[in-house]
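Asker: Sequence:
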Amino acid sequence: MTSRSTMLRRTALTTAVTGAAAALVIAGAPAASAAPIGVGWDVNVTTTVKKLNQEIAFPQTRFPAQVDIFGDGSISGNLALPDATSTLKLGSLPLAKVTLGVVPTKPVSGKLTGLDVVANQEFNIHIKKIQPLGLPINLVGSNCKTATPVQSQLTGTLTGLFDPYTLKGEYTIPKFKNCGLSTPLINLLIPGEGNTMTANFSGFQIGG
1 MTSRSTMLRR TALTTAVTGA AAALVIAGAP AASAAPIGVG WDVNVTTTVK KLNQEIAFPQ
61 TRFPAQVDIF GDGSISGNLA LPDATSTLKL GSLPLAKVTL GVVPTKPVSG KLTGLDVVAN
121 QEFNIHIKKI QPLGLPINLV GSNCKTATPV QSQLTGTLTG LFDPYTLKGE YTIPKFKNCG
181 LSTPLINLLI PGEGNTMTAN FSGFQIGG
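Quick note: the sequence shown uses the working numbering, first residue 1, plus one each step.
Calculated directly from the structure, the hints in this document are not laboratory data.
Warning: the hint list may mix true and false statements.
Unchecked claim - Mimicking DSSO-like on lysine-lysine, the simulated pairs with C-alpha atoms at most 30 Å apart in a straight line are:
hint	residue 1	residue 2
1	Lys168	Lys111
2	Lys145	Lys168
3	Lys89	Lys50
Turn these sequences into a full structure, and let the hints steer you where they fit.
Answerer: What follows is the structure, encoded as structure tokens:
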């Protein structure tokens with residue numbers, strides 16, 4: 001049975017959404033019959049690759065989603081991250097410029113329970129370019145990707161419907177394939193457990 005505190009948090013959130021989405025919800029309709037609401041946030045994603053001890057920041061993007069506030073709390077949406085560029089270092093010595101892409105294999109899915117958020121993602125990591133500093137060459141070709149999709153789960157808590165919030169989680173990077181002669185070295189340096197991901201959400205709007 002849902003605890004009293006969870007019910008109070010869900011009630012507070014539902015009240016806020018009802019006020020913001022009055023034009024979208026038919027007054028007096030049963031809660032179970034209400035359709036999911038289209039919403040959206042600006043999102044800034046960073047990840048730290050554990051083996052390299054290096055943080056990679058993706059440019060800001062917009063995350064449009066459907067949230068079933070009045071039903072089971074389900075969340076679904078498509079998160080398209082722009083490519084990220086970082087400098088691969090050995091200690092403090094810069095070695096190469098790396099361009100990464102994230103290729104979703106499924107939409108984001110999740111759950112809102114009270115104010116607690118869980119979001120599940122599945123994606124491939126595409127290393128688009130490893131360019132040694134000062135040299136106009138790409139060491140990995142055009143199809144260097146994880147051999148199997150990454151599975152990640154991010155969790156966090158809303159402080160208020162319109163307030164910024166943060167989701168965090170860990171994930172395992174699988175081995176890579178189709179990286180040419182660089183494949184063995186990449187699979188030595190990058191794949192493994194304990195990589196972290198942080199997603200900071202802000203700029204909430206009804207309608208996406």
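Asker: Now tell me if each hint is right for this structure.
Answerer: A quick look at each hint next to the structure:
At most 30 Å may separate the alpha-carbon atoms for a hinted pair to count; Lys168 and Lys111 meet this at roughly 15 Å. Between Lys145 and Lys168 the CA atoms are separated by roughly 24 Å; this keeps the pair inside 30 Å, and the hint holds. Simply put, Lys89 and Lys50 have alpha-carbon atoms about 13 Å apart, close enough for the 30 Å limit, and the pair holds.
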